[in-house]
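Participant: Those protein sequences? They're chains A, B and C, same order as listed. Counting along the first sequence from 1, when you hit position 241 you're at 241 in the UniProt record's numbering, and nothing is skipped either side. Counting along the second sequence from 1, when you hit position 315 you're at 315 in the UniProt record's numbering, and nothing is skipped either side. Counting along the third sequence from 1, when you hit position 202 you're at 202 in the UniProt record's numbering, and nothing is skipped either side.
To be clear, the hints were calculated from the coordinates, so they are not data collected in a lab. Idealized CB from N, CA, C, for every residue including glycine.
Here are some, though not all, of the chain C residues that point toward chain B, as calculated from beta-carbon distances under 7 Å:
(1) ARG190
(2) THR191
(3) ALA205
(4) THR209
(5) ILE212
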Amino acid sequence: MDVMPKWADVVLVPVVSLLLAMVISALVILGIGEDPWAALKLMVQGSFGSTYGWGYTLFYATNFIFTGLAFAVASHASMFNIGAEGQATLGGLGVALVCLALPWPHWALALPAAMVGGALFGAAWAFLPAWLAAKRGSHIVITTIMFNFIGAAVLNYMLVNVMRPAGSMDPASAKFPDGTNLPSLHDILAVVGIPFSKSAPANLAFIIALIACVVVWLLIWRTRFGFELRAYGKSESAAVYAGISPTKIIVVAMLISGGLAGMMAVNNVMGEAERLVLNSVEGAGFIGIAVALMGRNHPLGILLAAILFGFLYQGGAELALWMSIPRELIVVIQGLVILFTGALDNMVRMPIEKIFLAIRRSKQAAGE
Amino acid sequence: MKDLADTSGQPPGAAPNAPPAIELRGISKAFGPVQANKDISLSVAKGAIHGIIGENGAGKSTLMSILYGFYKADRGEILINGQVTQIPDSQAAIAAGIGMVFQHFKLVENFTVLENVVLGAEEGALLRTTMSNARKHLTEIAEEYEMNVDPDAVIEEIGVGQQQRVEILKSLYRNAEILILDEPTGVLTPAEADHLFRILRGLRDEGKTIILITHKLREIMDVTDTVSVMRRGEMTATVKTAETSPEELAELMVGRKVLLRVNKRPAQPGPTVLKVENLRVVDEDKVERLKGVSLEVRAGEILGIAGVAGNGQSELLNVLGGITRATGSVQINGQEIDLTGKHSDGRSRRKRGISHVPEDRQRAGLIMDFAAWENMVFGYQWDPALNTGWLMDNAGIKAETEGKMERFDVRPPNPQLAAKSFSGGNQQKIVLAREIERNPDLLLVGQPTRGVDIGAIEFIHQQIIDLRDAGKAILLVSVELDEIMGLSDRIAVMFDGQIMGERLPDETNEGELGLLMAGVTSGEGAR
Amino acid sequence: MDFSTLIQVLDSTLRLATPLLLACLAGLFSERSGIFDIGLEAKMLISAFFSAAVAYTSGSVWLGLLAGVAASMVFAFIHGLASITFRGNQLISGVALNFLASGMTVLIAQSWFQQGGRTPSLIGGARFEGVELPFAIGPSDAAAAGRPLNEMLSEAGPLQLFYSELISGHSILVYIALAAVPATWWILFRTRFGLRLRAVGENPAAVDTAGISVVGLRYAAIGIVGILCGLAGAYLATGLQAGFVKDMTAGRGYIALAALIFAKWRPWHALGACLLFGLLQALALRTDVVETLFPFKMPVQLLDSLPYILTVVILAGFVGKAIPPRAGGQPYVKER
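Just chain A, same shape as in the assembly (with noise of 0.2 Å):
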């Protein structure tokens, strides 16, 4: 029997759970030396005040929208694949091959083309961990940590030795064509006539975004294959008497998610950057992590949580700026939020639930 109704489940427990992350954060902001309530009004105003503010916080929010939908894929066929990080960065290097591949001439060609080759080289980086822990029982943790190392020394030395433009002294690519550049969040809703902050980076690869929530929905919960991957994810044993090959399903659930995490290069390299960077990620491929544990694994709750983090990184941002306080708050506060909703759910769950389970009784006791 349940003890708790189904919204409590959903929404109370991470509310309250956020909560204490965030009682926390302002304790160490005051340990800090700064005052917290200053640093939230600043972090609001900075990320929720203007267009230009919403415009850098859907642009993060994109970023870990993805990462997020790659960590909650996986997360349902049980594989924990902390490896979002070193997907997306391959995906950058993805993105960045096609982009400077051709003389693209117009973006709506060179945006599926880029999407693609962001996903596949997202989903290659993801290949070898998957098949390790299929077919060789490999600890998919420590192998996706250890490929977010190598695929950082891949992308150093891909920039350094091999896509650095002759005669530049920066370990960065060469600037992309024009006809790759995707159109701006001030474009789009231009067409509709809503002003928007033109210098904010969010661009097309938001509603892409959007688009992946819904397309994960309805992988996860109305497919045959999303059937087979949650049955595994709950049990290997009984997805092995139903006839379901555990190698297929985690290599794919693994390819799905390697890939998503790619596909996030369209946003921060394709859409922003324009040219593919050191350290393009930031990251973002850790706080899906976060994003997904927040969302309860669902693309509804992934989308809320990532706009929530897209403030937290765009209001953290503007501490930087403006407060001395550095930007590795974030940081903080995402290990505090994946701790409190991940780890420590049964801290706030439990007592939780003794409440309801005394209200239920005093209606018990009422009611005869």
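Since chain A is already given, all that's left is putting chains B and C on it; use the hints.
Facilitator: For chains B and C alone, kept in the frame of chain A given last:
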């Protein structure tokens, strides 16, 4: 509580006028909204073997776990030898002289016998002296009670019977005066069970008090002095074993009259549906689990496989159900099926008309977190009839699930409820509904009534017989001899990966089957 | 490659293996008790920062060490709370703590020292100096003779060089790490605590029904983890290097876990595995040596990635199948 007999009469091993070894007064325990024990009182005389019988979920194990300090009672008190005793944890129970042998042994598999016995009862911080003293002491106890085990044998390398002895020795090593055994015979052959009962009688004669928890009426009648019956968390009766009958106990357990026999007409066997020849399975550790099994099942008959758990029955079901790879030959309706290649998985089997009710519904048959409607198509999700194009036809599946739940009397009939929210019997009905309603040519069914309440057992047996009467072939695996004897049209006995022999239920008895289950073929002497 | 270069490489192998070894033994205690800990990284990092910060402020490396161990213990305790008391997901807890440590250290470093998330360089008593063993040629001999140490060492015979460079002259923590290997073996296989610890990682129910507290044992293991990771972190910041820099653990916590798997959860094998990883890291620092070893030009990125690549190869099980403690990663819930 209904007292059918005066239980203060002295059992064989008792001292005169001694206080009872154990007395429970008004014990209650709730798990969340579930009331597992309701105001239970019980008194067990010193030097008695006392049985506690009841259906699954009647609260027997919870009660004993409270006595062993595993759970804390919400209300009530425990008296040991007339003294009120607090038992907040297992440490306190051990100190009070209570030992417990759990249904699932609590042994460290890669430790030796000696290490397991010593664990938690070490003499000091260093192991050296502890180990040499313990070795001596253990040998003495083992000799005294005739329970020979090699102290240096590693647990995972010895048989379950031996492992059980280690559990008993563990308690005796801790000077237990009261020994609780929870369903101790589930993994034993009839001969091993008899040996166990001899040991228990020996312990009783030494003055130890023994509580035997079981759902098997026969064991209660065989070995106990007094017996208590539990139903739905309550103690419904305590009687002297000599003054009761299995029928009376069954009625007390269930709360109504029960049929202990299955009603069925003689089989009308048709053509051969399943033909297995020389089936061999070698597991990951290179151990041969099936050593050349051959058998046949015809349409309209039930072939029952008897045997002690772990003698290859599970592997046989798993090979036929597409879970385990094997060599040899298997034919369905005269056509060879793939045993090693691409088409050796469960899905291919289902497409060939084989349905499979697995032995362990919680680990294999169901996804416990999935809703009933999802479980109702689990394993058949690829079926085009359940899909519309790319997507699954969830609405259609839910509608069909409602019908199946009604036909199989699944309660509550709510397709949205997760499998884990149903009772054991209703979970099993969901699996049966799914597999039987596919109208298979061959139904594989393992332990159909394990952990199922008596009411549901009758229903499940009837469904299996109805399927047989509809002309389907059924391969039944069960460790419950009664079930095998009651349902099967032919009985094959497995031991050590081989079929020891086939018998007709009318022409055999439990004694003969028991010998076959222990690997003794006629001609050799008993034991 | 001449003998003295070899000694130099082996010398830095030993230094680089030390934090790995301490973390690896920490992981050994944790996993033997049934708790996965991918947060070794976090505990090393937080200890590295606090040991450097306190050593700098107080001028005493010993106070720094104490602070580092204490900080590491706090993080270990949080992991225990999440994975033992609240029966949460141990992987998620480890990941969370890694982020927390990574962010907190920079945040506090910036707040205290305003040097871009690092501590000021440690000098004198704020660092662990090398211990000069008897008869070894060390800085004090050089000072007494009034000659440069390098010159004196280059004149020494091979045995003296081996002794003075490789065996002598390390920080006390290096010797502690080496001593921790037999100590771990002894605790695990010769004491009551070790027997119970091994049992709880294999079958906590057996321990529980034997009347021993599963929770207590696991917290004890967590405490040992805190101490060992604390030592590892302190060595990083006050022995191997002179101060804390952002994310200075650089994945050592994960490599230690790989070494643990490679060692199949056995103390002596852990020493071997950590020395191997230490050697790879030492070689990555000596590109000149590597060039003499390989006929082709080795990209520096490949060299840097070698420990990570080797980890993957080890995890792939191509060097023998590893069977972890059976109850690993599972929170203990009493069965009904």
